[in-house]
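For reference, the chains in residue letters:
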Amino acid sequence: MKEFTVILYAGGNNRLSTDLSLPKSLLPVGNRPLIWYNLQLIQSHPALASSVLLILTSSQSRQVLDDYLSTLNITYELIVYRQHHESTSDDQQQAQDELGTLDILRSCYSRIRTESICLFTCDLYGKVNLTPLINMFRVRDASLCMLLLKTTTSSTTGKESLVQPGQKIKYTAEPEFYTVDQSTNSVTSIRLKADLDEYFPLKQNILAKYPRTIIRTDLVDAHLYLIKKSCLDIAICSKYSSFRKEFLPKMIRQMATGQSLEVLISTTANKKMMIRQTTTDLDDLTDLSRLLEQYDCDNKQIRGGCYYSIDETQVFRVKNVLSYLEANRQASSQILSFTNEDITFKDRLEQIQISPDCVVGDGHEIGKRTTIKRTIIGKNCRIEDKCKIINCVLLDNVYVKEGVILQNSILCSRSTIGSKSEILNSIICSNQQVEGNRKLNGETVSPASHESVVYMVYDDEQ
Amino acid sequence: MVKPTNINADHLAEERLTCVLVLDTFNIYTNEIVSHTSLPLCLWPVDGRPLLDYTIHTLVRSGVQEIILLTRSHSYEIHSYITNSEWSRTYPKLIKFVSCKEARSLGDCLKDLEQEHLINDKNHDFLLLHGNGTLLTNEKLDNLFTIHKENVKKDKNCIMTLVYRQLDSNYIEHPSYTDDQYSYIMRDANTHRLYDYSKEYSDIYEIPLDLLEKPNVAIETLYCSLDCHLAVCSPDVLHIFKDNFDFFTMHDFVKGVLRDEVANQTIYSYLYEKGYFLPVHNLRLYMKATFDILRRWLYPLVPETIGAKHSQTPSIVANPSSPPLKLNDSYLSIYNQWYRITYDRHNIYKQGDIQLDRLSNIQQDVFIGYKSQILSGVCLRSSVIGQNCTIGKNTKIENSIIWNHVQIGENCLIKNSIICDNVLIRNNVQIDQQCILCKNVIIGTNVHLNERMTIIASNSVTSASVVDEIEIDDDIPMPSKNVKRSSSKQRSSSTRLSEKSFSEKSVSSSMEETVTSNSDLVGADGLGRELIFASTYDDQTKAFELTDDDDDDDDEDDDNDKNELNAFNAWGYRIKPIENKDILHDDDGDAIKSKQYCQSMSKRTTDQSIDSQTGDETSENDDDNKDSSSDDNSSDEGNEINEFQQEIIRTLERAYIQKLNIENIIVELNMLKPTYAVSPTEFDQSIVHAVFLLPLERKIANPEKTTYWNTLKLTLDQISQFIIKNYMKITNESEQVLLLNELDLICLKYIQPIGERILNILNYLYENDVISEQWILLWYKNKQEKIKTNQLEVKPEEKVYYDKLQQFVEWLQNAESEDDDDED
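Heads up: the protein sequence lines correspond to chains A and B, in order. Counting in this note's numbering, the first sequence runs from 1 upward without gaps. Counting in this note's numbering, the second sequence runs from 1 upward without gaps.
The shape of chain A in the complex, shown without the other chains (with noise of 0.2 Å):
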């Protein structure tokens, strides 16, 4: 019997290119899609790879994904959860593509065989060591464990200060305050601080039982969790959408005060109706419909806690411009992690100057005299000759024209840029078309219907 099951959540879109037909996970970051990163570090961890992977994904974003996974040497289950609440019930007030995780995970909950489940996003990116967390898991018979990251204020490498391209966004992250227990890593609260006014309130009885406990505001989840399906399996039956804004600090309450979690069920029919799942690898399904029994929740399987691991590697999640190009910048070095592949650029061109830490796609026409430094260039692209190109992101079918200068840009596929143009810490997005002799300097080049949406804050799933 397994250990584990993945669920790999690869839905969100992308609105960098608005190319909507590429989803987030799909998005190239070092010539590879975001998700094929995700899948290494799944590989990474024996007990992981080992497990049964279910890809949840949207209706239209399905064939794109499939194709591309098909390609990899991996065993998937794909499930295309429903996009859209199916009862439009009054006090649902979100909009539509605000599917919280909960009711994405209600719609692949019976796949679920296992009694502990890794959930994550695909946009976690970076060489995370997951056996600290596994075993953690493992030891303390957690509940849940959870993986939190440093926020790294700025992750410069280079000497030049980071300019995020494109039209100024404000991104402002929304603090969290976790409470956490250092010596036995046990996360006691977490609240964020919409939900606070003036005071973080302590109460006496999560005190009497944390005594010392320290509040770390500098921490953010990193959207991967371990779950004991017992745990999961109220969350599946709470009313709450959303598991890691409004499940997660509930249940950790909960745990910390050392309540029944059964509370958070949302009414007392669903109580009732609760059903469990046998964790055998049954696949047949009248002996699986057999087996669904009346369930009551044991709260000794839900005692187990909740923990935390940091990971002080320069792990982070790929969700605004700045990390974006942070995760390009790192490519290289992440791939020749994972894989032992080198994908920097070695090829001696004349009369073309590559710096090493480039990675140029296959299919690419590159001019004469042109400069190329700690750039990402996709495939197909045909760079013009008297370039100069610094520190810039090119997704695939790229054209540039001669003499053109990119500086801290990214430029999505098949996107044009006429000669002798001078792009700086812009967006060009994809399909558009610059000028000749125009100079950019912090803008975005997006079509003119979608300009007041187009910045490339990726969907934040919760």
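Any given hint might turn out to be false.
Keeping only pairs whose Cα atoms sit at most 16 Å apart, straight-line, the calculated EDC-like set for lysine to aspartate or glutamate is [as the list claims (entries may be wrong)]:
hint	chain 1	residue 1	chain 2	residue 2
1	B	214	A	218
2	A	193	B	206
3	A	150	A	77
4	B	288	B	398
Keep in mind the hints are simulated off the structure, nothing from the lab. Here the structure is a predicted model, which means the values were calculated and not measured.
Since chain A is already given, all that's left is putting chain B on it; use the hints.
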């Protein structure tokens, strides 16, 4: 002169390490008990040496070169002990005395210290050991100076570093924790700077968000850590105490400094994570300290080595040349005789010559003092037996501390108690948990003492007690010289008392005093009565005459810092119940009290869990409201009912929004009743008001569209009708009439939305069997009569209401007659 060594040379060259010990707990209950024993708490014996010895040992080990003892009461004893002890011979300049007879608090003591100008140098940091000044530890404390220095280096404003020891298990279960150590500390995780400090119990502690969001600040909470009562202070601390006369305790000081943003002074903390620490400042900790020493938890400070330190010149004790004070204090003289302590396995210590019967059963962790007699069949376990004691046959002693010259008869059972000097316990006596028998008490035959009694004897030794002692000789065979010795000691003690002018017991009162012995308590052949504290019990008046004379000094103290220290009794239990708690702590509670406390907490949390089912925020708000409103208990009646009504409205609103279970709401409402102290009628009235005013006061559903009636109907449907049905039974006339009267009042008050709807409301209630027509008709009839007889005046604007009412009643009557017709 031998200087203490084993400290790094730099320190020696630079400065002297000073430690200030404040040898008083300033707790009136403890002091009261202590005054009935022969010794101050800091000199109470553990394994034949006083507590203070262990502290001084630790300090000398840590390289402290100057110890300043601040004494309040019992200065004579402490002074004479120290001057005659090994300490003053080995280190003649080590110990200094500051007597603060007038001091009533720690603050007063430190003011006195300031005036002595013993600490002058600007950089002269010192260790302050308060709360009785007896800290037992096996750690060396010299590194605290270094830590404080580093704190000062980083932050010029740092004036104090408080020392704590982390408790490794749940504090409630931890034996080193007593209620009076309750504390909540908020500090920086990295720099250990203190940001908030509280000793008051609260359900929720709050941290300001702007503090959390400061860069480089990671807030750490320490809840109920063991307060070592130890602090490294800069000399400024003394000036602050001097300038702020309202700083009585360390708590006042810390709070005052943290709140005072002008001076910008800061306090740091240091948390020991290992090592043995026990600040002995109440009797429970005294007992624990004794047993811990026997169990050798303080290693390397163990009885035989500590004793050996005082062995060097035993002959000097006999030589009366050196001591400046007369050494006729028999109780202290015990400490000046030295006998070799032999250490056997199972932690059994034998001091010098003892008589141990072969058939006695000495189990483990036992100390037996010099010349004590243990007869056959005696069972000892975790106990200290002092010098010259006699334990009769088949007596069993567990977890008890028995001082010197105590005689215990046969077949006794003594558990968890302290028995002071010269106590006589006759045969078949049973003494349970946490009794203290103060000096000279006699417990009669077959007496059973209940838990937590403090028995004192009258101060004057009468001939009767001497006769008693002679009588006991018949029961227990004993060398006659022992008897002489003990009686002579008593006499000497009484003379000492009359000599001492500053003694707490005034001469005149001890002369006048007659022996009042409570024979019910200690038996016909016993001597002693229970010590009753003036401020805790109401029915103390007659007993108080006796304690009064001891209490002269302390009486004013009561008012000063009652809130702080005297909320705890001598055993460290909280005396008053914690505010805002439903659970009552009875005053004579016992060891299970802390468990109760546990339970009450868990109870509360389950209460909260009902709330937290859905709206987390609302439940917290409600908690706040409850707290704040229950604080105002003293406010006048009308407000109270009003508040209560508001509380019910809030409860119903929450219940409505969260769709709570009816049973739960009723339980919740019932629980509100005692909180607000409302009469049953007021309660019912408030319920009715709440039900009908809820839709008016709170906009539950879309406020624009719906009318009052629609909202009311919604709430009635879901909860309210059940609530009314529960409290106002349809069969009960008075309840129904009350409901109608209240409804009438509400309608008249709010004609506009409510009164005009009376038809719908009554109809609804009638239809749903909330009100029976019988009562409506009766009530209406009465009302009409009142109107007719002009007892009630109908105002023009109220007419619409009365019309509607009439309309309904008419319809009701018709319907009734129709029913009748049908039946016919």
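Note to self: Hint compliance check: list the failing hint numbers for this structure, sorted ascending.
What the structure shows: 3
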